[in-house]
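Protein chains in written order, with the numbering used here: chain A, 4 to 317; chain B, 29 to 309.
One thing to keep in mind: the hints can contain errors.
[Stated by the list, open to error] With a straight-line cut-off of 25 Å between C-alpha atoms, the simulated DMTMM-like cross-links for lysine to aspartate or glutamate are:
no.: 1; chain 1: B; residue 1: K86; chain 2: B; residue 2: E70
no.: 2; chain 1: B; residue 1: K69; chain 2: A; residue 2: E261
no.: 3; chain 1: A; residue 1: K26; chain 2: B; residue 2: D88
no.: 4; chain 1: A; residue 1: K25; chain 2: B; residue 2: D208
no.: 5; chain 1: B; residue 1: K69; chain 2: A; residue 2: E209
no.: 6; chain 1: B; residue 1: K36; chain 2: A; residue 2: E209
no.: 7; chain 1: A; residue 1: K234; chain 2: A; residue 2: E261
no.: 8; chain 1: A; residue 1: K122; chain 2: B; residue 2: D300
no.: 9; chain 1: A; residue 1: K170; chain 2: B; residue 2: D77
no.: 10; chain 1: A; residue 1: K224; chain 2: B; residue 2: D34
no.: 11; chain 1: B; residue 1: K69; chain 2: A; residue 2: E152
no.: 12; chain 1: A; residue 1: K119; chain 2: A; residue 2: E261
no.: 13; chain 1: A; residue 1: K19; chain 2: B; residue 2: D208
no.: 14; chain 1: A; residue 1: K234; chain 2: B; residue 2: D300
no.: 15; chain 1: A; residue 1: K227; chain 2: A; residue 2: D247
no.: 16; chain 1: B; residue 1: K36; chain 2: A; residue 2: E152
no.: 17; chain 1: B; residue 1: K296; chain 2: A; residue 2: E154
no.: 18; chain 1: B; residue 1: K91; chain 2: B; residue 2: D67
no.: 19; chain 1: B; residue 1: K138; chain 2: B; residue 2: E198
no.: 20; chain 1: A; residue 1: K227; chain 2: B; residue 2: D34
no.: 21; chain 1: A; residue 1: K25; chain 2: B; residue 2: D34
no.: 22; chain 1: A; residue 1: K170; chain 2: A; residue 2: E261
no.: 23; chain 1: B; residue 1: K36; chain 2: A; residue 2: E261
no.: 24; chain 1: A; residue 1: K119; chain 2: B; residue 2: D300
no.: 25; chain 1: B; residue 1: K36; chain 2: A; residue 2: D217
no.: 26; chain 1: B; residue 1: K86; chain 2: A; residue 2: E212
no.: 27; chain 1: A; residue 1: K170; chain 2: B; residue 2: D67
no.: 28; chain 1: A; residue 1: K119; chain 2: B; residue 2: D34
no.: 29; chain 1: B; residue 1: K69; chain 2: B; residue 2: D88
no.: 30; chain 1: A; residue 1: K227; chain 2: A; residue 2: E215
no.: 31; chain 1: B; residue 1: K296; chain 2: B; residue 2: E198
no.: 32; chain 1: A; residue 1: K234; chain 2: A; residue 2: E208
no.: 33; chain 1: A; residue 1: K26; chain 2: B; residue 2: E70
no.: 34; chain 1: B; residue 1: K91; chain 2: B; residue 2: E70
no.: 35; chain 1: B; residue 1: K36; chain 2: A; residue 2: E215
[Claimed, not checked] Pulled a few chain B residues facing chain A out of the computed Cβ check, cut under 10 Å:
no.: 36; residue: M53
no.: 37; residue: F74
no.: 38; residue: I151
no.: 39; residue: I207
no.: 40; residue: G209
Hints were generated in silico from the structure; no laboratory data involved.
Note that the Cβ used here is the ideal one computed from N, Cα and C, for glycine as well.
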Amino acid sequence: MTKKVADSKEGNVPSKNIQRIKKIFYSQTLAPYIFILPFLLSFLIFFLYPTINTFFMSFHEVLGMGNQNFIGLTNYQRLFNQNFYEAIRTNTLYTIFLIIILIPLSMLFATLLNLKYLKGRNFFKSALFVPALTSIIVAGVAFRLLFGEMETAFVNSILIRLGFSAKQWTLNHDTGMFLMVSLASWKMIGIYMIYFISGLQAIPEELYESAEIDGANTISKFTKITLPLLKPISIYVLTILIFDGYRMFGESFVFWNEGMPGNIGLTIVRYIYQQAFQRNNMGFGSAIGIVLLAIVLTINLIQLRFFGVFKKEE
Amino acid sequence: MRGNTDRKWIGWLIFLFFGIVSIVMLFPLYYLFLASFRDSKELFRFGMDLAIRPELMKLDNYKYILFGEGNIYLHWYKNSVLITFFFTILSSFFSSMVGYGLGVYKFKGKNLVFVLVLFVMMIPLEILMLPLYRLTVQFRIINTYSGVILPFMVSPLAVFFFRQYAIGLEKDFLSAGRIDGCTEFGLYFKIMVPLMKPAFGAMTILLAMQNWNSFVWPLIVLRTNQNFTLPIGLSSLMTPYGNNYDMLIAGSVLAIIPIVIVFLFNQKSFIDGLSSGGIKG
């Protein structure tokens, strides 16, 4: 008697479970949560927790794993120093140069490469894009060779032939900035060009046709139709450029990976790296990170207002 | 008629312009390629001859990095290949799942999750590198493949891309599949994954390229020479007056070759993947 009851119970439990599990697999209300689970987990563990942790560490002197002293705003007060100013200055100048060079040039390349009657368009597109395929290190090796300090190095040898003197590229602020900006422009222009090309292809052909009927010439077509309609993509490109400008690290690392005479090439992220990993000063590094976060978030808010991302999505 | 000849001239002018631009853009890589066949001491002393002269091209540098003593370069290559392989598979799998979930279903909190995806997309990882570093130490995945892969496995950009793609797909297949008794996950694997093939094409290429080239995070997680990826290993050779240039230059050339080959055969996917970041709404 008792045995029978036990048997039926044992028989029932798994089948009920199986049904429950089956329900989960068929449920349309539950399924989406399982689909987005990887993002939620990764968000909580690798984004939210570290972000909170950075805030926490920025108010502490971090002595080792799980050993820290609360020191209030001291880390932030320490930010008022020459090195940090110079880092912010480098990032700001670098960003401004990138904007001045990359936005007009990539827009020009995109507009010209979008001309139907141009021969070899696809080859040119690929050629301009190839630098974007290289890692910053490989690109940096090529640039270090071209802009070597020695008189025999490529660029210096040309300068000498033209009657100038050879330059110590990595030892001056101006030439150092020139190196970083040209490396970044060379590497990134293909990507921004592709952005603009996709923006151009979204402009309906009829607009140009009706303008032609009205007797518009190439230049007025460009200023009256192309430019205004490229505005959203230009703002987007501007935003990423500011981002890339303020988070820059590799472009500096490849030229001054060990020491930087007179803080040439010291950027905000390099300053974090230097303080946190080379001087083991995690708390101070975190405070720098928070300031960088504030810069980036401000830019984000401005961008969101421009785009109205929140309004647009259903 | 006049307009036509004008157009022809302008066409040639632009062609010439891009010819010059292309040469300038490709020149640094050409230079790197030529330099990889030279003895670096000679290169620094005498400068470089820009013509291709087979009699001057020596394979010594390549022999040294591939078959020389220690062979550390091959370790880096292996690490890069394996990390890129696992990262790309895991990342495109999980990111497509999330993007599909966000694109196809209606559920509570959907908008919030999507805004979070956008938010993560807009925060540079460099800000998080210190706490993430501590986290990898706590999880005991510092200096491992998992340490490089796990924190960035769900790529917000890829999620965004897959979501956009899934929204544009025909939903009739789904209801038909449900009537046939398919589970929600069966629908995803049997119906949606094949339909999203072009999206997978674009994203695997983009993710693989980003991972192959990624520098900042691996630099922090990978602590020993044996475990370095190519960019980290190569950067460790960069010393101002080092004798490592032979290895550095030839190693750099070999590091680009796989991407360039993939690019040459999949240009459309590359461009689709990249412009996905540029087109919103």
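Results for each hint:
1. B:K86 - B:E70: 12 Å, holds
2. B:K69 - A:E261: OK: K69 of chain B and E261 of chain A at ~22 Å, within 25 Å.
3. A:K26 - B:D88: Violated, because 65 Å separates the two Cα atoms, which is more than 25 Å.
4. A:K25 - B:D208: Satisfied, since the Cα-Cα distance of roughly 15 Å is no more than 25 Å.
5. B:K69 - A:E209: Answer violated: K69 of chain B to E209 of chain A is near 61 Å, above 25 Å.
6. B:K36 - A:E209: 23 Å, holds
7. A:K234 - A:E261: Violated - the C-alpha atoms of E261 of chain A and K234 of chain A are around 41 Å apart, more than 25 Å.
8. A:K122 - B:D300: 22 Å, holds
9. A:K170 - B:D77: 21 Å, holds
10. A:K224 - B:D34: 17 Å, holds
11. B:K69 - A:E152: 14 Å, holds
12. A:K119 - A:E261: 49 Å, violated
13. A:K19 - B:D208: 23 Å, holds
14. A:K234 - B:D300: Measuring from Cα to Cα gives roughly 21 Å; hence the hint holds.
15. A:K227 - A:D247: 30 Å, violated
16. B:K36 - A:E152: At roughly 45 Å apart (the allowed maximum being 25 Å), E152 of chain A and K36 of chain B break the hint.
17. B:K296 - A:E154: Measuring from Cα to Cα gives roughly 42 Å; hence the hint is violated.
18. B:K91 - B:D67: 12 Å, holds
19. B:K138 - B:E198: 20 Å, holds
20. A:K227 - B:D34: Holds: K227 of chain A and D34 of chain B sit about 22 Å apart, inside 25 Å.
21. A:K25 - B:D34: 71 Å, violated
22. A:K170 - A:E261: Given pair K170 of chain A, E261 of chain A holds - Cα atoms ~20 Å apart, limit 25 Å.
23. B:K36 - A:E261: Distance of about 53 Å is beyond 25 Å: violated.
24. A:K119 - B:D300: Within the cut-off at roughly 20 Å; holds.
25. B:K36 - A:D217: 23 Å, holds
26. B:K86 - A:E212: Not OK: K86 of chain B and E212 of chain A at ~57 Å, beyond 25 Å, violated.
27. A:K170 - B:D67: 24 Å, holds
28. A:K119 - B:D34: Holds, at roughly 15 Å.
29. B:K69 - B:D88: The given pair, whose Cα atoms are some 13 Å apart, holds under the 25 Å limit.
30. A:K227 - A:E215: 12 Å, holds
31. B:K296 - B:E198: Measuring from Cα to Cα gives roughly 23 Å; hence the hint holds.
32. A:K234 - A:E208: 17 Å, holds
33. A:K26 - B:E70: Answer violated: K26 of chain A to E70 of chain B is near 72 Å, above 25 Å.
34. B:K91 - B:E70: 18 Å, holds
35. B:K36 - A:E215: 19 Å, holds
36. M53: 5 Å, holds
37. F74: 6 Å, holds
38. I151: 7 Å, holds
39. I207: At about 12 Å, which exceeds the 10 Å cut-off, the nearest Cβ of chain A leaves the hint on I207 of chain B violated.
40. G209: 9 Å, holds
Hints 3, 5, 7, 12, 15, 16, 17, 21, 23, 26, 33, 39 from the earlier list are contradicted by this structure; the remaining hints agree with it.
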